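*Asks:* As a plain string of letters, each chain reads:
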Amino acid sequence: MTAPPLVIGETVPVDVGAEREQMERVWGSKRGLWGWITTTNHKEIGKRYITTAFIFFLLGGIEAAMMRAQLSRPENSLIGPDKYNQIFTMHGTTMMFLFAVPIMEALGLYFVPLMVGTRNVAFPRLNAFGYWLFLIGGSFLYVQFFLNTGPDVGWFAYVPLSGPAFGPGKRADTWAQTITFTEIVAIVGAIELIVTVFKQRAVGMSLNRIPIFVWAMLVTAFMIMFAMPAVATASMYLALDRLVGTHFFNPAEGGDVLLWQHMFWFFGHPEVYIIFLPATGLVSTMLPAFTRRPVFGYPAMVLALISVAFMAFGLWVHHMFATGIPQLAASFFTATSTMIAIPTGVQIFCWLATIWSGRPRFATPMLFIMGFIFLFVIGGVTGVMIASVPFDLQVHDTFFIVAHFHYVLVGGAVFPLFGAFYYWFPKVTGRMLSERIGKWNFWLFFIGMNMTFFPMHWLGFYGMPRRVYTYLASTGWGPLNLLSSIGALVIASSVITFLVNVVVSLRGGAVAGDNPWDADTLEWATTSPPPPYNFLHLPVVQGRSALWDEGDERQVTVGTSTERREVLLTTPLDAQPDSRESHPHDSVWPLAMALAIGVLFITAIFTPLALPIGGALALIAFAGWAWPTSQDVESEKSDEKISLEGA
Amino acid sequence: MTKRERVTVDVTELPTIVFGSRGLLWWGTWGFAVAEGMTLFLSIATYFYLRRNFQTYPPLGYPQPDWFAPTIGMAIFLATCIPAYMLKKSAVRLDKDAATRWLVILSVCALVLCGVRTIDFYALRVLWMTSAYGSIQWVLLGFHGSLLVIEAAEVIGTAVLFIKGPVLPRHFPDACDIGNYWYFLVLSWLPIWFIVYIGPRIW
Amino acid sequence: MCSRFAEPAARAGIVVLVVLALAACSRERRTFHDSPPAASVAAESAKAVRSDSGVSRDGPYGNNAWALSQGKQLFSAFNCVGCHSHGGGGMGPPLMDSAWIYGFEPANIYATIANGRPNGMPAFKSRITPQQTWELVAYVRSMSGQGSKAARTNRSDEMEVRPAEAQTKTEKPVLVTPPPTVTPPAQEGHP
Amino acid sequence: MSALCACALSLNGCGLDVHRTPAGAEGQQPHIVLQTALPPGGTGAQIAAAATAPEDGQWIRPAKDFASSRFSGLNEITTSNVAQLKPAWTFPTGVLRGQEAAPIVVGHMMYVVTAYPNLLYAFDLSKPGASLKWMYNPKPATSSQGEACCDVVNRGASYADGKIIYATLDNNVVAVDAESGKEVWRTKVGDINKGETMTMAPLIVKDRVLVGNSGGEMGVRGWIKGLDLKTGAVKWTAMHTGPDSVVLIGPSFKPFYKKDQGTDLGVKTWPGTTWQIGGGGMWGWISYDPALDLIFYGSSNPGPWNPEQRPGDNKWTSTFFARRPETGEAIWAYQMNPHDLHDYDGVNESILLDIPWHGSKRGILVHPDRNGYMYALDRATGEVLYANPYVHITSSDSVSLKTGELALNPTKEPKMGKIVRDVCPAAPGGKDWQPSAFSPRTGLMYVPHQNLCMDEQPTAVSYISGTPYVGMDVRMKPGMGGNRGFVTAWNPVTGKPVWRISEPFPVWSGALATAGDVVFYGTMEGWFKAVDARTGAPLWKYKTTSGIIGQPVAFRGPDGKEYVAVMSGVGGWSGAIVAGGLDPRDSSAALGFVGAMRDLPRVTPKGGTLYVFSLR
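Protein chains in written order, with this note's numbering: chain A, 1 to 647; chain B, 1 to 203; chain C, 1 to 191; chain D, 1 to 616.
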């Protein structure tokens, strides 16, 4: 039963139950397993994405703990060199490719449609496909690891170590294919985000009004579009070298090993910002809720995001100072590496100004934000230090570097992420996380983090190299390593505290309500958890802080179909209503396509037959994906605006 | 859910079929084109990076690639912009018969070009496993070739849909975006054709 | 929700995993420790015979990628390359082809490397440890495509002088007699 | 379109490395390029007077005379009747390896040494069909086969004092009674366990049997020895590395150029003690000038090939020596390839000539070196009169006549971790062992040689006694023009080629010039060819059962007719792919020669047959 049509100026009646039911029917997924595997709802997929990525975080953490256990004393024989090689490679690969980038994109895929006030991401089937492919790729890596075929060449897999001559067996192939999986996943996610942000924003949400997290995801998505192809190309060269004997990295036949480093770091450095920018977006978006004021310097923040994104592509060579690059190039990249501290500093000062001028409330998310600022500044300072060539040459490949990038990545991304978990958990589940356990969680993490990684600066100065599975007692590195390992134990207990908090709160946490933090962004305008269609009536936005600027009444739009899935498209800059576009139904074909691609990539390691077989499977899945079902035909009929004979 | 809502915008009258940058697919298509274009750009960068490792190009002992057949292929490629253009025009007119016709023609073109691509590989006169020169030549060709094959599958699939299947209104913008992507395919071929077949004669 | 098909599926999954694990194990295992040279060739060869009847007819390392790559380095380090080139032969017979003079079983090749052969093959048992010898055996066999293809490499970081091991045709080994000692033939005079 | 199809076909037809293999060797016809006109009276060059041999119809040493002219004064076979040449008789030796030996004719007997196992056959030419009279088997150690770098060849025997004397692969010099086939003496002069072998043909000067060792690829230390003709006792040994005392450098040693002067250079120009395994064997040709009482020969390449493991000039490898035959004392030396980079041995033949030079007569020797230059040296002093390229050279730019130095091309210097491409000539050089001939009637040298280039990559190598000590991956390929062989007629007076015949394969056989103005040579496909000595025009050819890498000789039979004999049987370094059954897929096989010879197995089988031709 359709509700009576609303007209402009009318106030929405309180009783919208029938309309809700209708929308539930149109946008909801089937119940049970079938519904679970066919859904294209961005929140379902986003939740899965976040959970899967978090599980990879736990696995990566277990690997880290194993390494710390092995290094806790000199000449430890807990883990042999061969296993150790695999473990540190798995740790890096997992954290970078299966946790950090995916979880940031996953947060974007969950929250960006909510924050911009639309019903789903732009290409929902592509979104489902992306998740399945991520799951297959990640599982593939771990299955291979348990089959003793885990990569053992470091997370940046330098040739010639990872090449066919010195990387025997299939271990490096596993790495290369995992990369292929994750870069496809990242690129499709990025395209969805870009199109969602440009075309599906709520009416009135012009570009200068979108939440900073959305800005951060937009900028990140663009970075992914330009950075990921580099690692994709490089890993394709590597795979070709290894599987069919091309000579990209064979200097004897005109290849070049530095080609790998250039291409990898052309991706690899922006990668750091692909992880870090969403985290700053999270911070900027959470901060207003805990300081009771809009974030300070919105335009400066956005410009800083964009300039970081540009500069991030101009400093990859600082990873290669030890390769004997020309002095002029070294100077240039030293300059850019130092320069990127400026926009980053702008952001930090904006946050400080926001806190200074606001009324800060130190709930758990806020604690994580404060922790983030403290740790990230330390990581940033050591970053500026190693931007200088002579210093870098001294500490290159030592534990100093390990300390530096863990401060940047754990401090700069994991802390905001945990803050975000506490902040948005109520929106996703409808229940608050326990603040009491949360404080334990934070302090254990903060102390453990510093205990683990601060000593590593010293270990680096003392000359302890990265990636050695043990060291002699006479080096004197034992005590600091032991301290570091105890710190790892503290971090582990903190993460366990978090898991306990999740389990306890899911059962008996306080019920959250729509907007427990009294925050200003649009996702808090709907129920917790949000319905499949997100908003019954798509909101109209009045200002930068959507919920704070709307007054007593929320302005909404009407006129999108309730008979079929339909999204409202707006103009890219000013977000004026432009068209209504039908939206695809749930489908199993994205899963089928992901399986086909999975078969293609995985079997490609073993036989060139993978190409025709996987290609044929993908073709079938493609046909199934694109061919209109009777449901499509049905729902299209409800659109009376247009007919085939028309025009 | 306590806040009062007031309707201020009614979008009932908005169109449901839009073409070009007003639609989602246009953005998606160019999104992929940008990512793929970046990959092509990096492959071309690789070509020039590896070029520095050879005193002569092609390296001594390797024959020049044949340029004649690939250049004819390139001309055919350029010519296929016409059916792509006509396809776009007929799709915008929502003219199903014309769109079907041009899709079939474009399908034939795509198949012909797949055949031409096979000849292109022979015209390299080098195998990928003989040296980095051969490797990059093959990868440039192969990478664009895989885009071509995938696009051929899409064009043919859409043609079959227009002939056999239920054609929905939203398929017209889809067909239009096939034309857009085809332009990308042709445009990206030009630099590759040039550096693979003409380049070794120049540098 | 899915307990009915979960059990057989899980069982099948376990079987598949076990098979994969076995394949991956023999391919990816890496043995770093080593015993000194000059262990008894007979005892080592006996080990190969055991492994022939038991685990693998390709010798202890025929399917092991690490051992193959080690064998390849040893093949250069111990100057095997000088005589046999990169498999095509020279002073010594080619190793890429199907013809074997002194036997193609791992134990035969072990004995050849360790003890030498009368037509110029030197004995290496005082120089190369048994494990290294087995690695060499595996590599030598891989040159003609014996053993696991998945464990072999697709190219070297060197000048490309021959198709890589993984791209070499798998030959069917045949025994050939060593070059005969020459006996003067009867004279064939032409009027 | 047709070009395209052809391209497609060729790609399909030839498999992996089609682009490195020359097209259709079999179909390619040799062609001649006339480069300069030959004066009707010849160039004016003559065989060094004291080193000539009177034409007695015999052929008692491989090079015919001490001047190494390989010129037969017999003139029954001429340019006009050579087309009627037919096999008179043949003899399959039963040894199917490379046959490089020259048949030796003494009186009514002919003697032939085969490749390993170095059988010596004696034929009685006076019997119908030249029946086998006896066979001598020196029974060389079988393991010596594994120490010979480039096939188990033997370059022939010499006759003196009623004995046939030759060297076996396992380093025994044997003297066999020419009548009975009984061993007279046997002297072991080298050790196969150190990688030493012997393949050269001894030269017998007065009562000295001069022999040297092979093994520059095995880390041997090179030497030349003078044995007593009567007893086989070693009378002197001159090493090619080490202190002056063992190199037999004494007060009368007067090198022409400063770069070759100094004491104990055989030690000082090597790092550490590497001179002890530094190569520099002597497995090629020796000439002798009775007037100066000097022997002339070159030493072989230094070891290992990887030059980075032996910085320095590496004296006295790849060096040309003049010594006294009685005592071995060195008189002068000239190092052609200091710190040799590309296996340019100096062992090629030298032909002793007297030429008009700036208005007067000058006694020179002409030596086509592996490095691609034809050297004309003053026999008495070692001064370089000219050194002109006879093949395409990229490895060096020129030879300075002032300092005697070779100006290397720095871009072709092998460095670890690098691959050097297109080094011309390749490791076997512009010409390898295959000896040239000289005709006093035309005054031209007839030089059979090859046209190859190579890519090379040094690798670290450690010395293991008795195993190869090379440290270089090599991949050879055809040189400029795509053909792999030439026969070049060289004007020794002007230092310029006169005409040149292109052959698809390296011309790995020796040449023979006769007074009938016919030049004979064999090709690796198995053709035995006769060409006009003045123009190079093809006159006659005969297809034998296997590729020819032997040395043709001419002699007068007991019946008074002129015969031409040659061994057919492909092998040697260039033919190792066939003789050793090597795998053509590995272009580094046989030290890289297989890379250029992949199509040879399709053209010729193994063989080992003696062919004797005559008019009838």
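Keep in mind that the hints were calculated from the coordinates and are not lab data. Incorrect hints may appear among the rest.
Quick list of simulated restraints, FRET-style, between CB atoms [unchecked claim]:
| # | chain 1 | residue 1 | chain 2 | residue 2 | range |
| --- | --- | --- | --- | --- | --- |
| 1 | C | Asn115 | D | Ala407 | 49 to 57 Å |
| 2 | A | Ile620 | B | Ile163 | 27 to 35 Å |
| 3 | A | Leu611 | C | Thr170 | 55 to 63 Å |
Within a straight-line C-alpha distance of at most 25 Å, the following computed BS3-like cross-link-like pairs (lysine-lysine) qualify [unchecked claim]:
| # | chain 1 | residue 1 | chain 2 | residue 2 |
| --- | --- | --- | --- | --- |
| 4 | D | Lys258 | D | Lys402 |
| 5 | D | Lys254 | D | Lys496 |
| 6 | C | Lys125 | A | Lys83 |
| 7 | D | Lys127 | D | Lys182 |
| 8 | D | Lys254 | D | Lys235 |
| 9 | D | Lys86 | D | Lys133 |
| 10 | B | Lys164 | A | Lys637 |
| 11 | A | Lys637 | B | Lys3 |
| 12 | D | Lys86 | D | Lys496 |
| 13 | D | Lys86 | C | Lys125 |
| 14 | A | Lys637 | A | Lys30 |
| 15 | D | Lys606 | C | Lys172 |
| 16 | D | Lys402 | D | Lys418 |
| 17 | D | Lys361 | D | Lys496 |
Some but not every residue of chain D turned toward chain A, in silico, with C-beta under 10 Å [as the list claims (entries may be wrong)]:
| # | residue |
| --- | --- |
| 18 | Pro414 |
| 19 | Lys418 |
| 20 | Ile419 |
| 21 | Gln457 |
| 22 | Asp473 |
Everything numeric in this text was worked out from a predicted model, so none of it was measured. All C-beta atoms, glycine included, are put in the ideal place defined by N, C-alpha and C.
*Asks:* So, for every hint listed, does it hold in this structure?
*Replies:* Now the hints, each set against the structure:
1. Evaluation of the 49 to 57 Å hint for C:Asn115 and D:Ala407 yields a pass: the beta carbon distance comes to about 50 Å.
2. Distance hint check for A:Ile620 and B:Ile163: the Cβ-Cβ separation is about 19 Å, which falls outside the suggested range of 27 to 35 Å.
3. The hinted range of 55 to 63 Å is not satisfied by A:Leu611 and C:Thr170, whose Cβ atoms lie roughly 21 Å apart.
4. Only pairs whose Cα atoms come within 25 Å are accepted, and D:Lys258 paired with D:Lys402 is accepted, the gap being roughly 10 Å.
5. Distance restraint check for D:Lys254 and D:Lys496: the Cα-Cα separation of roughly 29 Å exceeds the 25 Å cut-off, and the hinted pair is therefore not satisfied.
6. Taken as a hint, the C:Lys125 and A:Lys83 pair is broken in the structure, with Cα atoms around 31 Å apart against an allowance of 25 Å.
7. Restraint check: the Cα-Cα separation between D:Lys127 and D:Lys182 comes to about 21 Å, which is no more than 25 Å; the hinted pair holds.
8. In summary, the hint linking D:Lys254 to D:Lys235 is supported, as the alpha carbons are separated by about 23 Å, within the 25 Å threshold.
9. Between D:Lys86 and D:Lys133 the CA atoms are separated by roughly 24 Å; this keeps the pair inside 25 Å, and the hint holds.
10. Among the hinted pairs, B:Lys164 with A:Lys637 is consistent with the structure: their alpha-carbon atoms are about 19 Å apart, no more than 25 Å.
11. Our distance criterion of 25 Å between C-alpha atoms is broken by A:Lys637 and B:Lys3, whose separation comes to about 35 Å.
12. A distance of roughly 35 Å separates the Cα atoms of D:Lys86 and D:Lys496; the hinted pair therefore is violated under the 25 Å criterion.
13. As the CA atoms of D:Lys86 and C:Lys125 are separated by approximately 55 Å, the hinted pair breaks the 25 Å bound.
14. Between A:Lys637 and A:Lys30, the direct Cα distance comes to roughly 22 Å. Compliance with the 25 Å bound is thereby established for this hinted pair.
15. For the proposed pair D:Lys606 and C:Lys172, the alpha carbon gap of about 24 Å is at most 25 Å, so the pair holds.
16. At roughly 33 Å between alpha-carbon atoms, D:Lys402 and D:Lys418 are farther apart than 25 Å, so this suggested pair is violated.
17. The straight-line distance between the Cα atoms of D:Lys361 and D:Lys496 is roughly 19 Å, inside the 25 Å bound, and the hint therefore holds.
18. Contact between D:Pro414 and chain A, as hinted, is not supported at the beta carbon level, the nearest pair being about 12 Å apart and thus beyond 10 Å.
19. Among the interface hints, the one on D:Lys418 holds; its C-beta lies about 8 Å from the nearest C-beta in chain A, closer than the 10 Å criterion.
20. Evaluation of the D:Ile419 hint against chain A yields a held restraint, the C-beta minimum of about 5 Å falling below 10 Å.
21. The interface hint given for D:Gln457 is met, as the beta carbon of that residue sits about 6 Å from the closest beta carbon of chain A, less than 10 Å.
22. A cut of 10 Å between beta carbons decides the hint on D:Asp473: the least distance to chain A is about 9 Å, and the hint holds.
Violated hints, in rising order: 2, 3, 5, 6, 11, 12, 13, 16 and 18; the structure is consistent with all others.
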